[in-house]
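**Q** Below, each chain spelled out in residue letters.
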Amino acid sequence: MKKLIRFTLNGHEVSAEVESHRMLLEVLRNTFHLTGTKEGCGQGECGACTVLVDGLSVDSCLYPAFEVEGKSVTTIEGLVEEGSRLHPIQEAFVEHGGIQCGFCTPGMIMSTKALLDENPHPTDDEIKRGISGNLCRCTGYVQIVESIRKAAEKY
Amino acid sequence: MTQYSFIGTEVPRPDASDKAAGKALYIHDMVLPGMLYGKIKYSEYAHARIKHIDTSRAERLPGVRAVITGYNTPEIRIGFIRDNMPLKKDKVRQFRDEVAAVAAIDPEIAEEAVELIRVEYEELPAVFTPEDALKEGAPIVHETDARGRPKSDNLVPVAWNFVAGDVEKAKQEAAFIAEGRFQTPLIQQSCMGTAGCIAEFDLEGNLTIHTKTQIPFLAQNDFNRALAAIGLKGKNTRVTVPTLGGSFGTGLDTHGYEYIAILLAYKTGRPVKIVLNREEEFTTLSPRQPTETHIIQGCDKEGKLTLREVRMVLDNGAYTSWGATTPSVMMLPISSLYRVPNVLYEAKIVYTNNTYCQAMRGYGNPQAAWALECNLDDLAEKAGMDPFEFRMLNANIPDDTTPMGLNITSCGHEACLKTVADRLNWKQKRGKGRDKARGVGMASLFHVGGSGRVYRSDGTGIIMKLDDFGNVSVITGGIEMGQGFNSALALVSAEALGVTPDKVTVISGDTATCPWDVGTHASRGAFTAGNAAIMAAQKARDKIFRIASEHFMPRVHYKLKKRKKKDPDFEIPDLDYNRICDPSEFELKENVVFLKEEPDNPLLRVSLEEILREAHYREQGSMIISEAFYDPPNQMIDMKTGRGNLSATYIFGTHGAEVEVDRETGKVKILQFVAAHDVGKVINRQTIKGQIYGGMMQGLGYALCEEYKTDKGRNLNPNFLDYKIFSAPDVNFPIHIECIETDDKEGPFGAKGVGEPGLVPVAPAVANAIYDAIGVRIRDLPITPEKILSALKKKQ
Ligand code: FES
Ligand code: FES
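These protein sequences, in sequence, are chains S and Y.
All you need for my numbering is the position in the first sequence, starting with 1, plus 24.
Read in my numbering, the second sequence has 324 at position 328, and its numbers run on one by one without any break.
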């Protein structure tokens, strides 16, 4: 079954014909060519596909595309401001070594955004809990937590 | 001490912004016009004869463009000893054996088609442990070798032996001896970005493959052989490497799926993409080889090590990758970590019907360190010595040649040991926490730090190309896979050339445009490319200064005249503006050319870009491009004697852990962790810390939780719920990193390679701390709560 869904994507009204079994991740990557959102497992275990739906972080690989109807979706591309200016969270990750291979990074940053929007001054434990669903094989998380701490200072 | 402008700073990496913005392009993100999607059908048995493959239903499925098997494609031999084929004929030897593949217009059709393929098998008896595989009458995994000669056992024909001194005699004379058996499990590299490639042919029959590899040029060679096998002898492969989502050794071999993509692309005339999903990444990509080690070490009355005997068996799995050379790296710590005169090492690699193994970060060293460093604590105890004092007594020292013929030059081993002891407060804590089940432990590492001559060449090329605006393209055959290679290379290039790092762009990952490199492995990237960059920079500077010799003074004059035009009061100094300077009079720093004699004279400065434009915009002009090839002064290991100075320099490190064990649950809590590394010289403090933290956390996974579980050759945990790697909340202890600088004479600005070492000594450091805490020694990784509980029970 196909359906036309309408939603807000990174601030713009969009629509797409979508089959019922499609997940949001596939629609973002294949229909809208927003490949910044990554697929690390496709089964809700790694967080590489994290995006915001109405401000809350979700694993887009498990989020049925039909359900974004009328909602607002923000992806990593949506954080970059006019003139290719990075969002303060993105900047903090760049400045403080929170990025190595970069595959986990978009998901990590979106989880951070959800965390800081709700709790602008998290403790280290709260930071770690905030990104507990995002796996990173490269960094050992130390510089990621540091990046988030620094991002919070400017938030 | 030399004052550097950029070496040793702590700066963001050049690839970070694109990655933060979601703009970096990984293989998963690439789509080509007309591209098809490939999917592979894998074996359903660990060992079976293929009787029949029926692809007819798959072929009839709308949207399918090709279905291939080993029976309708040419035979291509792949692997380190060519004992593997991309598509299996006659027999399957492991669950992941590829028996057929499909290309279709979308991934779902490809998947559906694969499910429609029917294969009839006749199951064969199989072997799943090296022990069983070596028994008389065991089923034979390969009945013939790659050349078709009959084979009657399961030994991989790659044997590693090393003998120095007389171990038997040393055993008799030793005052104390410790003996033990240690095991390590299969573990998976777990790159967040799974493996994949896109293969396409041009109309001349040349191949382009975009693929996840660490060895683009060796892969080119492999794929050119495949082209010859399919009737395209003399045609060429261009390998390009997109952004890599981690690699950790998985890119050191070419893989079945790559050849299958090539065959499908050739058959269909369309680009074909194969990307593994997470389950396939777990079940069909080669993990780290498991080992079984029998070790004996001995020392004299004073605690001086006198002997070390290590017999090791590695489970190869069903085919042989370059991972079969990991014992050459194991040989390094076994012969040379701490000073020990009598050494015997023997490694057997055994075929089984398990998944075949390949390289992972550390390349055998973590397996060796596990046995060595645990057993060393046992020996210290027998000798009645403190393990730290014992290590200090036997530590490696600078300017020493080891029994294996390794020339140790710079060496910070003692400093690493001391740093860890100080930081852990060793004297106050060791042996004093039993009542609270708390303990401290340490372990050291010895690894190649100046590349490793695994192949006949250990070389790398660099091209430096300067444009009209003072921008520098540093073109390299090395690969950025997340480790920070580009950052290190940019800083070294900037420092060596005399420009600011923002002017440098590192270009890599294309065999058609980049200079040759043997591969990004053995922690060699920054070391070799850095040295090549210094050489290329010197050549570029020579050219720049030659052009400056004619154009510097006229440029200065021109600028002064311009200034006078604006400001009539300005007096042009009376200098010889037609003077031809000698090239040796110039210096270039931070994008400005000036005279060495008058570095502070603001009038006598010309920007690099002006000089560069002078090179281009004139009759009989020239351009500033330089190249260099660096091949380090090291040797291949002589397979007969096991000797050879494998690396141009060596790297040392010590890790220390403080742990608390819950006697009720068996859980280990890390209270603090210290990592001290002799790094030669820090290039970028931010990325070097990233390498150590990252390696350490992989090491803690190896120590405490990671295990690729199998049942009769079949993987049981192909996902991150069941295969546990560290997540952020697990990192709930203080970590102290110390980089000890020993200024290596062979390293670029003194630096040694640090990509792998962070992982190597973690597990034994933790195990030694656990022993200190509760008095039980765990000998097989990972150290799970169940193992601790059962060991505690036994102890009672
Ligand atoms: S891709 Fe969605 S959680 Fe891994
Ligand atoms: S940076 Fe590679 S997985 Fe996080």
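Honestly, the hints are just simulated from the structure, not real lab data.
Errors might be hidden in some of the hints.
[As the list claims (entries may be wrong)] Each computed PhoX-like pair below joins lysine-lysine, with the alpha-carbon atoms no more than 25 angstroms apart:
#1 Y:K665 <-> S:K152
#2 Y:K19 <-> S:K174
#3 S:K152 <-> Y:K663
**Q** Checking each numbered hint in turn, tell me which of them this model violates, lowest number first.
**A** none
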